[in-house]
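Novice: So the chains spell out like this:
2 protein chains.
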Amino acid sequence: MRTVETTVLADFVREARATTGSLLAVGDVGASTVRFALVTGVEHGQTVQFLKFSNIRSVPNLHKVLEVIATALGDTVTRRITAGAIAVPGPVQDGERAVIANYKAETTEGRTIDARKLPSGLFPRAKTVVLNDVEAAGYGVIGLDTVGDLNIFRILWESGRAPRHDNAPLKALPKGNILVVAPGTGLGSCLIQYHPRAVGGGQAGTYSVLPLEFGHTNAPQHEETAFLDSYSQELGYAAEFDDVCTGRGLEFAYRFHSNGKRLTAPEISQLAKDGDDTASLAMRTYHQFIMSFCSQLTMGLLLSAIIICGDNVVSNGYYFERPANVDALRDQLLSHSMERMGFMSRPDVCLATQHINLNLIGCIYAAAATVKTPAKIQSKL
Amino acid sequence: MRTVETTVLADFVREARATTGSLLAVGDVGASTVRFALVTGVEHGQTVQFLKFSNIRSVPNLHKVLEVIATALGDTVTRRITAGAIAVPGPVQDGERAVIANYKAETTEGRTIDARKLPSGLFPRAKTVVLNDVEAAGYGVIGLDTVGDLNIFRILWESGRAPRHDNAPLKALPKGNILVVAPGTGLGSCLIQYHPRAVGGGQAGTYSVLPLEFGHTNAPQHEETAFLDSYSQELGYAAEFDDVCTGRGLEFAYRFHSNGKRLTAPEISQLAKDGDDTASLAMRTYHQFIMSFCSQLTMGLLLSAIIICGDNVVSNGYYFERPANVDALRDQLLSHSMERMGFMSRPDVCLATQHINLNLIGCIYAAAATVKTPAKIQSKL
Numbered sequence: 057m058r059t060v061e062t063t064v065l066a067d068f069v070r071e072a073r074a075t076t077g078s079l080l081a082v083g084d085v086g087a088s089t090v091r092f093a094l095v096t097g098v099e100h101g102q103t104v105q106f107l108k109f110s111n112i113r114s115v116p117n118l119h120k121v122l123e124v125i126a127t128a129l130g131d132t133v134t135r136r137i138t139a140g141a142i143a144v145p146g147p148v149q150d151g152e153r154a155v156i157a158n159y160k161a162e163t164t165e166g167r168t169i170d171a172r173k174l175p176s177g178l179f180p181r182a183k184t185v186v187l188n189d190v191e192a193a194g195y196g197v198i199g200l201d202t203v204g205d206l207n208i209f210r211i212l213w214e215s216g217r218a219p220r221h222d223n224a225p226l227k228a229l230p231k232g233n234i235l236v237v238a239p240g241t242g243l244g245s246c247l248i249q250y251h252p253r254a255v256g257g258g259q260a261g262t263y264s265v266l267p268l269e270f271g272h273t274n275a276p277q278h279e280e281t282a283f284l285d286s287y288s289q290e291l292g293y294a295a296e297f298d299d300v301c302t303g304r305g306l307e308f309a310y311r312f313h314s315n316g317k318r319l320t321a322p323e324i325s326q327l328a329k330d331g332d333d334t335a336s337l338a339m340r341t342y343h344q345f346i347m348s349f350c351s352q353l354t355m356g357l358l359l360s361a362i363i364i365c366g367d368n369v370v371s372n373g374y375y376f377e378r379p380a381n382v383d384a385l386r387d388q389l390l391s392h393s394m395e396r397m398g399f400m401s402r403p404d405v406c407l408a409t410q411h412i413n414l415n416l417i418g419c420i421y422a423a424a425a426t427v428k429t430p431a432k433i434q435s436k437l
Numbered sequence: 057m058r059t060v061e062t063t064v065l066a067d068f069v070r071e072a073r074a075t076t077g078s079l080l081a082v083g084d085v086g087a088s089t090v091r092f093a094l095v096t097g098v099e100h101g102q103t104v105q106f107l108k109f110s111n112i113r114s115v116p117n118l119h120k121v122l123e124v125i126a127t128a129l130g131d132t133v134t135r136r137i138t139a140g141a142i143a144v145p146g147p148v149q150d151g152e153r154a155v156i157a158n159y160k161a162e163t164t165e166g167r168t169i170d171a172r173k174l175p176s177g178l179f180p181r182a183k184t185v186v187l188n189d190v191e192a193a194g195y196g197v198i199g200l201d202t203v204g205d206l207n208i209f210r211i212l213w214e215s216g217r218a219p220r221h222d223n224a225p226l227k228a229l230p231k232g233n234i235l236v237v238a239p240g241t242g243l244g245s246c247l248i249q250y251h252p253r254a255v256g257g258g259q260a261g262t263y264s265v266l267p268l269e270f271g272h273t274n275a276p277q278h279e280e281t282a283f284l285d286s287y288s289q290e291l292g293y294a295a296e297f298d299d300v301c302t303g304r305g306l307e308f309a310y311r312f313h314s315n316g317k318r319l320t321a322p323e324i325s326q327l328a329k330d331g332d333d334t335a336s337l338a339m340r341t342y343h344q345f346i347m348s349f350c351s352q353l354t355m356g357l358l359l360s361a362i363i364i365c366g367d368n369v370v371s372n373g374y375y376f377e378r379p380a381n382v383d384a385l386r387d388q389l390l391s392h393s394m395e396r397m398g399f400m401s402r403p404d405v406c407l408a409t410q411h412i413n414l415n416l417i418g419c420i421y422a423a424a425a426t427v428k429t430p431a432k433i434q435s436k437l
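Chains as they are written, first to last, in the numbering used here: chain A, 57 to 437; chain B, 57 to 437.
Read the hints as simulated data drawn from the structure, not as lab findings. Where hints are given, some of them may not hold.
Identical copies look the same in the list; a pair holds intra-copy or inter-copy alike.
Stated by the list, open to error - Okay, derived cross-link-like pairs now, DSS-like style, lysine-lysine, Cα gap no bigger than 27 Å in a straight line: (1) Lys-428 / Lys-231; (2) Lys-160 / Lys-120; (3) Lys-108 / Lys-120; (4) Lys-120 / Lys-173.
Let the hints inform the model, and build the full structure from the sequences given.
Specialist: Listed below in structure tokens is the structure:
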């Protein structure tokens, strides 16, 4: 395997050995790449650069690469690791294991990441948590809030107000439920839950993260009926939000609006950016369903805020720069029978504007919490 | 106002005066009736009988009745009240106030129950919580679990298994997320959330309750399309689950299946019990949508169990005694694209079989938690 360049690994090991004090091990497992980082505690004020490696595609391969890293680091470094957290794409069972659906392995075991089976040199037993990737992003948002560094998010509109179109940054999380929604290869989401009362003898006024899988619920069919009928027929089942609010959904929307023309999601986005009508219509359909998704959850989870994030929305930032598009997003969110009681206009709606590794930041936050050590949370990762 | 009979109040006061030790004040505000109880701590082993009063319909009226009760009890009793909790029909803001939609008062204030404005003789300031009614029921379920008294619920089917049809009682809550769903005048629901990790410095392995309002989300329209189209047209907006999975939904289903015949929900249920085909079809439609609701939330909230409760399902108990009906409920729950990965057959599904005051039990549990006193939880209330 040439998944980690030898020179890159040597640099990483040298930097890790130069640190002192306890370390946290964090990882972000994507569909094809894995990011791994060692982070020093806040008292040492340093963050080790992360390693990025690709072509993994099975859990045994992942274990091998992690073993290589552990061996290269040596005992003097690995014994300083006090806790770990790893973010994975997919639902997590019992906070410790998850099946990676798009990994190539014949057995379920070969696709299952399990906290108890990760190389313990890097991920200490009983001090390592497995997080869903958007759950990790949720902890990342909480982590950034604790250090007052939420300005990577800008406010599209505030509770009960019209869109503001002025790039105002988010200052602090509201004391209420917050939906984090990340349209990517799937439509990921989590709830940052505010606890006005203490849970389990803890402190009142804290946040926790509830992983959600509403991407796999069905899009309500009373809007865009012809579009959804056509898509469901192609899919062979009732379209899920996850089918619509993703790259493949955008591609279907373009085919639908162009009577069959096939382009990739990045091509469609570029055409829309350049003013093409059909591509713009496809982008509009795709974003309307994201807001329809937010609309259902605004009601169901009584939201105070919505944070739309992920590399896709940052890359499509131009879309949100155009006031008419943002106005249409808000109209779509408010287009629900319960707006008569004001529920749909209640949440603040915010958008990520920079590519940052929110998942790794969340892993740092969660790993630090397991050992009750304050972590150095910073957005530049 | 003749909302509380004088002799009933005199009995209540005599019983309350005969108790010793600290007391919890709990209330359950329904659409037309209010239940109020004083409960002694577990160390005194007693529960005061509750008072039930009706014809309230505005918050000023409620306050007046509570003042009458406080005065009748006298300072020697009320100063022993250490905490309170009150359950209300409707979404609660900040754990302390809620607008009661069906109260008759001209101003919003006259319909708003606020923990800080309740008569403080009964509901101590800063030690009183306002709970959504199904949120309270969720705490009631947790409370009953703590004393091993969940046998008021029977298991319809267990994770990955066929329906069991043998009235087996529920023994303990699973260590996972549990949906409580209560079809009544609205389709209420809450999530009993299991915390594998500690929240806010508390203990891992505890439960908390997240109030939900998914009753007001839209029913997916790919099934029963003609039914939903017709209903949405009558309503003037896309039908919510709350419109379908309630008495008025059952009544519409009967009108739809009978080509316009109008009967009340209890009449339809009785006819179905007696074997009438059209009424049985209406009952089938109504229950299928309840399971469609559960299906969406099984996926979205990654459920380990579903508890269907409320007076309506207890009254319609005969429906669940018939194996073919339960088989149809399970088929409906599993009828979702994500069953290909086994998500829909994962939760245990349970049903309430007795009329008990789960909301008041939950209020006792929540009030006790605010003062960290163990409460005497019992199902016979």
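Novice: How would you label the pair Lys-428, Lys-231 (within, between, both, or neither) given a Cα cut-off of 27 Å?
Specialist: Both ways: Lys-428 and Lys-231 sit 23 Å apart in one copy and 24 Å across, limit 27 Å.
Novice: Using 27 Å as the alpha carbon limit, work out where Lys-160 and Lys-120 are close: within a copy, between copies, both or neither.
Specialist: within (15 Å within a copy, 68 Å between copies)
Novice: From the Cα coordinates, with 27 Å as the cut-off, is the pair Lys-120 and Lys-173 best called within, between, both, or neither?
Specialist: Within. Shortest intra-copy distance 12 Å satisfies the 27 Å Cα cut-off; inter-copy 63 Å does not.
Novice: Could you figure out if Lys-108 and Lys-120 sit no more than 27 Å apart (CA to CA) within one copy, between two copies, both or neither?
Specialist: Only inside one copy: Lys-108 and Lys-120 sit 15 Å apart there, 67 Å across copies, limit 27 Å.
Violated hints: none; the structure is consistent with every hint.
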